[in-house]
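Top line first, the protein sequences correspond to chains A, B and C.
To convert, note that position 144 of the first sequence is 144 in our numbering; the numbers rise steadily by one, no gaps.
To convert, note that position 98 of the second sequence is 98 in our numbering; the numbers rise steadily by one, no gaps.
To convert, note that position 198 of the third sequence is 198 in our numbering; the numbers rise steadily by one, no gaps.
To be clear, the hints were calculated from the coordinates, so they are not data collected in a lab.
A hint or two may mislead.
As the list claims (entries may be wrong) - Simulated crosslink set (DSS-like; lysine-lysine; CA at most 30 Å straight-line): (1) Lys-164/A <-> Lys-64/B; (2) Lys-53/B <-> Lys-245/A; (3) Lys-4/B <-> Lys-202/B; (4) Lys-239/B <-> Lys-76/B; (5) Lys-218/B <-> Lys-245/A; (6) Lys-50/B <-> Lys-70/B; (7) Lys-202/B <-> Lys-106/B; (8) Lys-29/B <-> Lys-70/B; (9) Lys-185/B <-> Lys-239/B; (10) Lys-72/B <-> Lys-185/B; (11) Lys-245/A <-> Lys-50/B; (12) Lys-164/A <-> Lys-4/B; (13) Lys-29/B <-> Lys-76/B; (14) Lys-50/B <-> Lys-164/A; (15) Lys-245/A <-> Lys-4/B; (16) Lys-70/B <-> Lys-161/A; (17) Lys-64/B <-> Lys-106/B; (18) Lys-70/B <-> Lys-164/A; (19) Lys-245/A <-> Lys-70/B.
Claimed, not checked - To be clear about the criterion: a stretch of chain A counts as covered by chain B if any three or more of its residues have a C-beta under 8 Å from a C-beta of chain B, and this derived list gives those stretches: (20) 102-108; (21) 234-243.
Yeah, the Cβ is synthetic: ideal placement off N, Cα and C, and Gly gets one too.
What follows is the residue order along each chain.
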Amino acid sequence: MAHEHVYGFVEKYCHENHRKIVFTIICLILAVFVFFLTISIGKYELSFGESYRIFVDNLFGNGRATTENMIVWEYRVPRALMGIFVGASLAVGGAVMQNLMMNPLAEPYTMGISSGAFLGAVLSITCGISIIPFLGGDDATVLNAFILSLAPVFLIVAISKFRKTTPTTMILCGVAIMYAFSSVSTMLMVLADPEHLSDAYSWRVGVLGKASWDSLMLVIPSMTILIAILLLFAGKINTMSIGDKGAISLGTDPYRTRLVCLVLVALLTAFAVSFTGTIGFVGLVAPHIVRTFIGSNNTYLLPACAGFGGIFLLVMDSIAKVISETGLPVGVISAMVGGPLFIYILVQRKRRIWY
Amino acid sequence: MEMKAVDLGFRYYENTILSDVNVDLEGNKMVSIIGPNGVGKTTLIHCFSKILKPTDGRVYVNGKDIEDYKLKELAKIIAYVPCTSLDTFPLTVTDTVLLGRNPHSKWGSLNRDLEKVQETLRLLGIEDLAMRPFNELSAGQRQKVVLARGLVQESQILLLDEPTANLDIKHQMGVTRLLRDYSHKQGIMVIMISHDLNIAAKYSDEVIMLYGGNIFAKGSPMDTINPENIEAVYGVRSKTVINNGRPHVIIEDDDDPKTNICAGA
Amino acid sequence: MPDETGLVEAYRHSLFLKVVFIISCFAALMLVIGYSLAVGQGITVSESYEIMMKHLAGEAYPLRSEMWWKDYFIWNNVMPRVAVGIIGGCGLAACGAVMQSIMSNPLADPYTTGISSGACFGAVASLIAGVSFASLGSGYTTVTNAFIGALVPTMIVILISRRINATPATLILIGVAISYFFNAAVTLMMVTATAEDLQAAYLWQVGTLTGMTWSSVPLMLVITAAGSAVAMFFSKNMNLLTMGENSAKSMGLDVEQFRMLCLIMVAVMTAAIVSFTGILGFVGLISPHITRLVIGSDNRVVIPASMIVGALMLVSCDLISRLVSNITDIPVGVVLSLLCSPIFLLMVTGLKRGRGVY
Numbered sequence: 001m002a003h004e005h006v007y008g009f010v011e012k013y014c015h016e017n018h019r020k021i022v023f024t025i026i027c028l029i030l031a032v033f034v035f036f037l038t039i040s041i042g043k044y045e046l047s048f049g050e051s052y053r054i055f056v057d058n059l060f061g062n063g064r065a066t067t068e069n070m071i072v073w074e075y076r077v078p079r080a081l082m083g084i085f086v087g088a089s090l091a092v093g094g095a096v097m098q099n100l101m102m103n104p105l106a107e108p109y110t111m112g113i114s115s116g117a118f119l120g121a122v123l124s125i126t127c128g129i130s131i132i133p134f135l136g137g138d139d140a141t142v143l144n145a146f147i148l149s150l151a152p153v154f155l156i157v158a159i160s161k162f163r164k165t166t167p168t169t170m171i172l173c174g175v176a177i178m179y180a181f182s183s184v185s186t187m188l189m190v191l192a193d194p195e196h197l198s199d200a201y202s203w204r205v206g207v208l209g210k211a212s213w214d215s216l217m218l219v220i221p222s223m224t225i226l227i228a229i230l231l232l233f234a235g236k237i238n239t240m241s242i243g244d245k246g247a248i249s250l251g252t253d254p255y256r257t258r259l260v261c262l263v264l265v266a267l268l269t270a271f272a273v274s275f276t277g278t279i280g281f282v283g284l285v286a287p288h289i290v291r292t293f294i295g296s297n298n299t300y301l302l303p304a305c306a307g308f309g310g311i312f313l314l315v316m317d318s319i320a321k322v323i324s325e326t327g328l329p330v331g332v333i334s335a336m337v338g339g340p341l342f343i344y345i346l347v348q349r350k351r352r353i354w355y
Numbered sequence: 001m002e003m004k005a006v007d008l009g010f011r012y013y014e015n016t017i018l019s020d021v022n023v024d025l026e027g028n029k030m031v032s033i034i035g036p037n038g039v040g041k042t043t044l045i046h047c048f049s050k051i052l053k054p055t056d057g058r059v060y061v062n063g064k065d066i067e068d069y070k071l072k073e074l075a076k077i078i079a080y081v082p083c084t085s086l087d088t089f090p091l092t093v094t095d096t097v098l099l100g101r102n103p104h105s106k107w108g109s110l111n112r113d114l115e116k117v118q119e120t121l122r123l124l125g126i127e128d129l130a131m132r133p134f135n136e137l138s139a140g141q142r143q144k145v146v147l148a149r150g151l152v153q154e155s156q157i158l159l160l161d162e163p164t165a166n167l168d169i170k171h172q173m174g175v176t177r178l179l180r181d182y183s184h185k186q187g188i189m190v191i192m193i194s195h196d197l198n199i200a201a202k203y204s205d206e207v208i209m210l211y212g213g214n215i216f217a218k219g220s221p222m223d224t225i226n227p228e229n230i231e232a233v234y235g236v237r238s239k240t241v242i243n244n245g246r247p248h249v250i251i252e253d254d255d256d257p258k259t260n261i262c263a264g265a
Numbered sequence: 001m002p003d004e005t006g007l008v009e010a011y012r013h014s015l016f017l018k019v020v021f022i023i024s025c026f027a028a029l030m031l032v033i034g035y036s037l038a039v040g041q042g043i044t045v046s047e048s049y050e051i052m053m054k055h056l057a058g059e060a061y062p063l064r065s066e067m068w069w070k071d072y073f074i075w076n077n078v079m080p081r082v083a084v085g086i087i088g089g090c091g092l093a094a095c096g097a098v099m100q101s102i103m104s105n106p107l108a109d110p111y112t113t114g115i116s117s118g119a120c121f122g123a124v125a126s127l128i129a130g131v132s133f134a135s136l137g138s139g140y141t142t143v144t145n146a147f148i149g150a151l152v153p154t155m156i157v158i159l160i161s162r163r164i165n166a167t168p169a170t171l172i173l174i175g176v177a178i179s180y181f182f183n184a185a186v187t188l189m190m191v192t193a194t195a196e197d198l199q200a201a202y203l204w205q206v207g208t209l210t211g212m213t214w215s216s217v218p219l220m221l222v223i224t225a226a227g228s229a230v231a232m233f234f235s236k237n238m239n240l241l242t243m244g245e246n247s248a249k250s251m252g253l254d255v256e257q258f259r260m261l262c263l264i265m266v267a268v269m270t271a272a273i274v275s276f277t278g279i280l281g282f283v284g285l286i287s288p289h290i291t292r293l294v295i296g297s298d299n300r301v302v303i304p305a306s307m308i309v310g311a312l313m314l315v316s317c318d319l320i321s322r323l324v325s326n327i328t329d330i331p332v333g334v335v336l337s338l339l340c341s342p343i344f345l346l347m348v349t350g351l352k353r354g355r356g357v358y
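Next comes chain A alone, as it looks inside the complex (with noise of 0.2 Å):
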């Protein structure tokens, strides 16, 4: 009697936890299908069977020689792959943010580290400086903003010998970090000539355009091998939520998880911002939407975030790309849509899935 009781509750529990699974599911399933059918939009015209015929023959080493082929795979896959890794990313990294930060305004940039990539880009791109030297041109560019992307982190882990690391004190850091850069970047913008400020300008906003396989092959394995990290800390990303004292009594260190899941984020966010820009609201609000549908446990919400990430980014490249023919950066568009939507799940909301 009692036994079939305890099975009952087991039960409903493991079925509440099966449905948030399933949630995740579905992205990948319609990620998939979303990558097929995008492949095949763009300027040139391409049925849905053809590339999806010469993606195959790619995949087994049978490509041929065809502009079709190298529209195909050498661009858009790449394109889609890139969108689907970066959103990706940048999700994960707000929602392991929002929790390390105790705070639903966090994101993955809080930390400055788009101000320091963009300095980074700024420096390459106006003033030609490259800081490992005699790189040149997009080389520059990437490597630039991905070392600079990771001084604040840098600072913080200085700083953290001397103080603990509160959330407050990391976004206090985070915020006068992003301060001094962009005040640097902002004069060397002004001092620049117009064609370079324009070039700049479209770094910041955050293009996948520029994704081809050779950096995929460093984004793909780096970007996995950190997302697979973090979500194996998502049971003491779970303990932190409770405050820092409370971690402290169920075994928990907050202040090292703190930093460790920040340098994490740091390294997944840096990657993704130095080969795309930075793209905004996906790292912000895609938490936030993944939320309220399947609740703050960091178990489940952390792939699914993963996955509504990566599919989302994916939308919006596709939507820009159909919109327009010169390929609208994708930040630009999530940043359209994604506003609203923001905002009418914010009015829709029954429950609050913040305080």
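Given the coordinates of chain A, work out where chains B and C should sit on it, guided by the hints.
Relative to the frame of chain A, chains B and C by itself:
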């Protein structure tokens, strides 16, 4: 199990909160820590659970210096139940209580963990709240959930910061009695901060009275909770009535006619 | 009994320090104004004040004489700029102090609810796309656009917050979402613009006091004066808010309505300033903090004091910008951010416990 503090002191910048605190608690008993506001009760509990590091003296748990314990190790021995507040991103009740299994849970132990959670929820009478989000509950319900989280940790020592603060009379009694029974039957040491002198007197095996950052009195309820101590520590006049071997405090106002202390059988 | 005199003395002493602070800021402001007027003219500070006084007294000089040129230049080129600097600095600082109070957030500034993105949108729409929201004469398109644009986000925030129960965090998030939208629209225009238009639009956004004329002043002055008066009137209620929403409500304050009123006031004031000057950052954020470090958190004093600090900040940075403009043209917005971010960094990392700010 044993909780010992030797010459414990805690300073917060220039303010001394605790000094020269010596405590030696052993065995499965229920201990109440009482004292006026700001006297350092919560600070003491925090020093016991490694949330704060004492600026002087040492804390020993089961004979070993608390600093030598890793946090995860310690979490299996000591559970801490705080005063509740709203979470920024609330979990469901079940997930919240499940967090308490963290020190013990391994891959695949979910079923066992859930059984323990359900047992505890039922014990506290809140099983029907299992799937509700934490922040939507009343203050009293939240208090019980947090208590459940502490119980589910299956520790040897349970530290509680005013666990009955938001509960009505019936539940205050129920929870305190549950804690006492837990300690006697499951062999756990329960150390709880209480503002209610009568409940502390009725159920505790031992009482520690803090005042001015040190221990003013410690011992059985009969020895510690008496009008002299209460007047010295709280600045309040009172008289005690003995009821079933336990003191019951009746506070007196300046308006009340002065009577002789210690009436009653 | 003996302790009381110690208390009274300590209180008097701290009061004295606060008064000294305000007076020295004010004096510094006067100096900077004078110096600003004098720069490049080869005259001293007192001479520049003399000229200003004389002009106000209606004195006229022989046409095209040396004095006439000086008077003309000071009065028509530099004075408006300084005037806008003072008014703008006062207004932005007051708005910043108000926002930080009602949002219970030390990082809030006048632009937190998306005002800057709306203003940018309006300005850029005019500069790049030639679109005008209201017809007030061609010279004013950018300004009117920016003004109207600046008010839109606040209206949206207010409309939404009527439908749902809005905590400060929610309000800020709505502002963020709106900012995203408008910034995206701005980006859209900027990315498809020519490089020159882009540069013009970008420079507008950065914020400058160059090219201010007397025609810019009246509207700004009236709105800022009115807004500051309202802010000071509300300052007691803002003090109530710092005790927590529930406590404030129990004291009879309708918290939601009060917040909305303050937001509207901040929006109008900020819009009036920003539509002429572009987005001047930092003044609204930092002046209240600097003031609070010395004066404490009583809004009745903080608001007027931070206005003086804000004016001082803006006029000084403008002065620096003008001094440097012999070498290269740096708008005051850049100078502000370059100077203020180290200050902010210092404030953040060198926090002394319990000293006013966080």
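Evaluation of the provided hints:
| no. | hint | result |
| --- | --- | --- |
| 1 | Lys-164/A <-> Lys-64/B | holds (26 Å) |
| 2 | Lys-53/B <-> Lys-245/A | holds (13 Å) |
| 3 | Lys-4/B <-> Lys-202/B | holds (24 Å) |
| 4 | Lys-239/B <-> Lys-76/B | violated (42 Å) |
| 5 | Lys-218/B <-> Lys-245/A | holds (27 Å) |
| 6 | Lys-50/B <-> Lys-70/B | holds (10 Å) |
| 7 | Lys-202/B <-> Lys-106/B | violated (40 Å) |
| 8 | Lys-29/B <-> Lys-70/B | holds (25 Å) |
| 9 | Lys-185/B <-> Lys-239/B | violated (33 Å) |
| 10 | Lys-72/B <-> Lys-185/B | holds (25 Å) |
| 11 | Lys-245/A <-> Lys-50/B | holds (9 Å) |
| 12 | Lys-164/A <-> Lys-4/B | holds (27 Å) |
| 13 | Lys-29/B <-> Lys-76/B | holds (18 Å) |
| 14 | Lys-50/B <-> Lys-164/A | holds (15 Å) |
| 15 | Lys-245/A <-> Lys-4/B | holds (21 Å) |
| 16 | Lys-70/B <-> Lys-161/A | holds (20 Å) |
| 17 | Lys-64/B <-> Lys-106/B | holds (26 Å) |
| 18 | Lys-70/B <-> Lys-164/A | holds (18 Å) |
| 19 | Lys-245/A <-> Lys-70/B | holds (15 Å) |
| 20 | 102-108 | holds (count 3) |
| 21 | 234-243 | holds (count 6) |
Comparing the model with each numbered hint stated earlier shows that hints 4, 7 and 9 do not hold.
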